[in-house]
Amino acid sequence: MRAWIERQRGLVDFAVINLGRRWGRNLGLFLAYTLLVFLLASVVLYGDALRREARLLLADAPELVVQRLTAGRQDVLPAEWRERLSGLRGVHAVEGRLWGYYYDPASAANLTLLVPAAGAPAPGRVLLGAALARVRGLAPGDVLSLRGYDGHPYAFTVAGILARESELASADLMLVHETDFRAFFGMAPGFYTDLAVYVANPREVRRVAEKVLDRLPGTRVIAREEMRRTYEASFNWRQGLLLTLLSTVLLAFVLLAWDKASGLSAEERREIGILKALGWETGDVLRMKLWEGVLVSLCAFLAGYVLAWLHIFYADVPLFTAVLKGWSVLYPRFTLTPEVDAGQLVTLALLTVLPYVAATLVPVWRAATLDPDEVMRE
Amino acid sequence: MIFQPAALALLLAASLNALLLGGSGVFALHLLRHWNPASGSERQIALERRTYLVSTLVGLSLLLSLPALALFVHNADAMATFFTGAMCAVGSLKANTWGMPALWAMLAGFFLAAAWLVLNHLDSLGWDTPLLRGKYRLLLVLAPLSVVQAGFLWLYYLNLNPEVITSCCGSLFGPAASGVAAEMAALPVAWAMPLFFAGWLLTLAAGGAFLARRRFGRLFGVLAGLHFPLALAAIVAFIAPYIYEQPNHHCPFCLLQREHGYAGWVLYLPLFLGTAAGIGAGLAAAVRADSLADVAPRVAAGLAKVALAALGLFGLAVLLYLRRSHLVL
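If you're matching them up, the sequences are chains A and B in order.
Under the numbering used here, the first residue of the first sequence carries the number 79, and numbering increases by one thereafter.
Under the numbering used here, the first residue of the second sequence carries the number 195, and numbering increases by one thereafter.
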């Protein structure tokens, strides 16, 4: 074993010296390789981090949301429906929710107005999402004037700005008191936007959903698991689409690697010839060349991954944002939580290192099986 | 469904693997027909040169197979959220008919590639390449297997439909189920546990005897191979319930999850490594060639040490989990 390790160490030493001697050529390859890993790793890291955020957000969502449909569109529902559902076996609690959208011409953005179940501001006051406050240039104490459903302006005093940590979910959010909400949208008392149904046992969610539909046939029931699945599928799809587009870059890189590995200079060929004349076996030359590939791969993979990491978690993802996050006027600014996942690393290695190794194998083998006699005579 | 980074990576890896090994299989046919070490013809020299390429390709394939297998199972576990009824990897793998065959093909590919590499290593140590024909015959099994494996993976990922209601591990390993999995789960602990530990100790004893006296090498290889299904059956029958601390939860895949402290990885990695090395040791011990008379036993002993260490670690991990558990079966 020790002899084997010593042998590999010798080969690695030789490979490093070899790489250093032709550093100009190898640097180009290294940069292209790093760029490839950077691009693919950015997509994978960003998509995974967004998925994680969505999962965390949905963890607190109600198990079921019940919406009334009128002619296929969502409509407000009467408060008595709440009582009709709270008697269902398996239902832990039912809450009527009040929320709506408002198009704000000043910021050219859609705002979400919501009456929180707990901690609502006093009448006449609002709590604003950080992105909204930024776009409108508002601070606590300022007055925000919006035009209500009847054309009259409503003035709200900003009571506070929501914490930046929640910006992913609260960028365009405006929390208001129930009476303000009803007056602003003209919604009569005794009506809600939708109902949140909490189910104690997760295994009963499907059954409860069926019962809800039985009791209120004209409704749409959305399960938390379905929302989660939709988010996951949408992020997966976006990630996969970007990766598929980037596969053209991968292909170009593979061609470059193949070309670099097969285009041996006369000097290199002579070198291999001399090594073999000195007693190196074909297997040794092959291993030395493979070590060169492993070293380049390792360095490029590490560099690309670290750069992607900085790009995603510290530089606010200037590339890919529109595709992966979606597009909107009120962009939330949020910091994603970094996390290393072994599955992610294996995925990236299979997507980048493997094609490189596969592309260079045949040229490396050709180089290693050169006939010393023939090469030295050239 | 196919637009998923891990799925794309696995499909790329399996397709490349099938391409490289498929090509090697064609070469193996050519070699078996024309190989003649006594000849100095150009064809013979070309064949000899090409054997280096094929060895490297199979080496790459083996290097790939374990991470790919791990990623496949890990990804199946992560995909469980997509399928109604799925709780872990079992649900995703059972979401269509191709998941389980793909898993079995990957398992078989790993062990075959490991055996091939042992033969290849031994062959390269003998001056007359005595195992050449044998290893290329084995390659004739490995190459189609890699193509089948890639085919299964493509079929699996292309036919995944999130609308399908799949079965959770409880229905596969539960008392109401039928089939091999349910039979394993239903094994009574009273004799499954002694049987497993007896098998484990016997395997270790054979390995120890081989290291001490250079005898029973082949037996050790056979026992290491048999120990693998025994260990899988034991995991389903009683090790998993002890780890979950639930007498009716037998799933060998939920063990891979974070909630259970990644116990599956702790158990499976040494088990796979130990089994592959044990089978390799048996193969090396069984080699009868004059040019390998000195070398083969040395290689076998080296592999046996690795196998003993890994299988020992596996058994100790099992003991530790049983001891830590609050469950009494």
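Hints in this document: simulated from the structure, not taken from any laboratory.
Any given hint could turn out to be false.
Unchecked claim - What follows is a list of derived Cβ distance ranges for each label pair:
#1 A:420 / B:235: 16 to 26 angstroms
#2 B:328 / A:327: 40 to 50 angstroms
#3 A:130 / B:318: 39 to 49 angstroms
#4 A:452 / B:322: 46 to 56 angstroms
#5 A:327 / B:496: 41 to 51 angstroms
#6 B:318 / A:98: 50 to 60 angstroms
#7 A:130 / B:321: 25 to 35 angstroms
#8 B:359 / A:226: 42 to 52 angstroms
#9 A:269 / B:209: 50 to 60 angstroms
Claimed, not checked - Some chain B residues well away from chain A (every beta-carbon gap over 10 angstroms; in silico):
#10 200
#11 243
#12 247
#13 453
#14 523
It should be emphasised that the depicted structure is a prediction, and the values quoted were computed from it without experimental measurement.
Even for Gly, the Cβ is constructed at its ideal location relative to N, Cα and C.
Results for each hint:
The hinted range of 16 to 26 angstroms is not satisfied by residue 420 of chain A and residue 235 of chain B, whose Cβ atoms lie roughly 50 angstroms apart. Checked against the hint of 40 to 50 angstroms, the C-beta distance between residue 328 of chain B and residue 327 of chain A comes to roughly 43 angstroms, which is consistent with it. At about 47 angstroms, the CB distance of residue 130 of chain A to residue 318 of chain B agrees with the hint of 39 to 49 angstroms. As the Cβ distance of residue 452 of chain A to residue 322 of chain B is approximately 26 angstroms, the hint placing it in 46 to 56 angstroms is violated.
Checked against the given bound of 41 to 51 angstroms, the beta carbons of residue 327 of chain A and residue 496 of chain B, roughly 43 angstroms apart, stay inside it. The supplied range of 50 to 60 angstroms is broken by residue 318 of chain B and residue 98 of chain A, whose beta-carbon atoms lie about 30 angstroms from each other. Between residue 130 of chain A and residue 321 of chain B the Cβ separation comes to about 57 angstroms, which falls outside the hinted range of 25 to 35 angstroms. Between residue 359 of chain B and residue 226 of chain A the CB atoms are about 47 angstroms apart, so this pair conforms to the stated range of 42 to 52 angstroms.
The hinted range of 50 to 60 angstroms is satisfied by residue 269 of chain A and residue 209 of chain B, whose Cβ atoms lie roughly 57 angstroms apart. With a cut of 10 angstroms on Cβ distances, residue 200 of chain B falls inside the contact zone with chain A, its closest approach being about 5 angstroms. With a cut of 10 angstroms on Cβ distances, residue 243 of chain B falls inside the contact zone with chain A, its closest approach being about 4 angstroms. Taking the minimum C-beta to C-beta distance to chain A, about 4 angstroms, the non-interface status of residue 247 of chain B is violated against the 10 angstroms cut.
A cut-off of 10 angstroms between C-beta atoms confirms that residue 453 of chain B is not in contact with chain A; the least separation is 14 angstroms. No Cβ of chain A approaches the Cβ of residue 523 of chain B within 10 angstroms, the least distance being about 25 angstroms, so the stated non-interface status holds.
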